[in-house]
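Number of protein chains: 2
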Amino acid sequence: MADSLTYPKTKSTTVNRYHTRATYDVQAIHSIVNDSSVLHVSFAPDAEDPFPAILPMIGTMGSYEYPSAGLDEPLDCYLHGYVSSRIMRLATSSPQGLPVSIAATKVDGLVLALTPNAHSYNYRSAILHGYARIVESAEEKVWAMELITNSVVPDRWRHSRVPPDSAEMQSTKILKVKVTAASGKTREGGPHDEAKDTTRDDVTGKTWVGVVPVVEKFCEPIAGPDNKAAELPKYIADYVGEANAKAEAYALNAARLP
Amino acid sequence: MADSLTYPKTKSTTVNRYHTRATYDVQAIHSIVNDSSVLHVSFAPDAEDPFPAILPMIGTMGSYEYPSAGLDEPLDCYLHGYVSSRIMRLATSSPQGLPVSIAATKVDGLVLALTPNAHSYNYRSAILHGYARIVESAEEKVWAMELITNSVVPDRWRHSRVPPDSAEMQSTKILKVKVTAASGKTREGGPHDEAKDTTRDDVTGKTWVGVVPVVEKFCEPIAGPDNKAAELPKYIADYVGEANAKAEAYALNAARLP
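Keeping their order, the protein sequence lines are chains W and L.
Under this note's numbering, the first sequence has 37 at position 5, and the numbering climbs by one with no breaks.
Under this note's numbering, the second sequence has 269 at position 237, and the numbering climbs by one with no breaks.
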């Protein structure tokens, strides 16, 4: 692992608890972001408001400058969602962009231990800090729209009506986040109880311990009432099958680790 | 619906887009929070840091004062997770508590339309604004620990080793958030395309449109290596079956709506 890239630790991204579960590895963090169907994006409150803004958005890691870059290389985070006039103003009012924190979390299992205190989740989570700007270049915007569309269903872009027309280009806003620091946390394995409980037959005999694996599962696709395409295309059916198999394999493996 | 409680609209919680999908209904918002296995909690950055804090936490709505209160009644949000010394300090340094924003989001389906621009998710999301304080009273803390444990698996608390001992009471921190404003958003139904695309046979003939329903699914529970309890208890098996059936019914129904 000595050759792999890591994000710099900053005071606010350094994980202070459960050190062994923390990662700053670029590939691990980018993978968690890309495996998350929703990201939560937070930025500072308005002057008169004590509550930070927090928005669910769709996002994925990518590099417009080096489109073939792998998950283990430096990437930006491209975000799509409702971009309010306030975000627009904030993201364009400074040359650096709007400071945002981005969270990605996947639950992989409910970890049931002898005592509530030792209960946990198996999970993967990542937090990114960076500066968000609106993508202005039409070329980069179309590239990012394709990247994000294909992050939801691989190969969907070219199987839909493209390119976007000028009204669609105008109404779509893409945020590009230059990531300055990031950290990830992972928990996997079964329950870990303390000797004070594992040595008590009255407790161990009556308390089931183990993991309920959790997966985000795609069900059988349902054609819309206006669908005219003959049958479910192979690229969708394949993705549903492969994504489900991958998610289940991950969660079951995480549950069976010590 | 005239008799149901609603959260007050504030400038920052008023939903400015897709008005028809917005809700301020107390029961709808509390249900989204309780159906979410993870909440994202955000609060303002430190003075020297432009990035808001954002943390995944486990949480549930409840009322210690009126434990039998329903989801349609005023409730607090109880949170469990890693409470840093910074949160401790911030949540105790003002009588009002630490201003936090809490996001709950569930993805119910991938909505695939004729054009990328009309792609969407079926989802339910809620944002709460409120003031977080550390629960100091031992009685309320144990009550909240039971509430949160049973929110993960109903009835788990009394089937595990309780009550918590003094070391567990000391190491567990519970945040209680007094909610001052909240909003929710829901999207359900199939793809909605525009006439410019639906009238083009070359587009409709080659583009499959519909919904891939998405559910958070519990797999078959896996006993830990140290499990001594004879078989999977009925309360866990029942919950796994019922939660999966409920989640799938919701996602399939959402996919089939117009």
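A few of these clues could be false.
Each pair may be met inside one copy or between any two copies, as identical chains are not told apart.
[Stated by the list, open to error] Quick list of in silico lysine-lysine cross-link-like pairs, PhoX-like style, CA-CA up to 25 Å:
(1) K43 <-> K217
(2) K266 <-> K41
(3) K278 <-> K43
(4) K278 <-> K205
(5) K260 <-> K238
Please keep in mind that the hints were generated in silico from the structure rather than gathered at the bench.
Hint check results:
no., hint, verdict
1, K43 <-> K217, "within (16 Å within a copy, 35 Å between copies)"
2, K266 <-> K41, "neither (43 Å within a copy, 46 Å between copies)"
3, K278 <-> K43, "neither (35 Å within a copy, 42 Å between copies)"
4, K278 <-> K205, "neither (31 Å within a copy, 35 Å between copies)"
5, K260 <-> K238, "between (56 Å within a copy, 8 Å between copies)"
When the structure is compared with the earlier hints, violations turn up for hints 2, 3, 4 and for no others.
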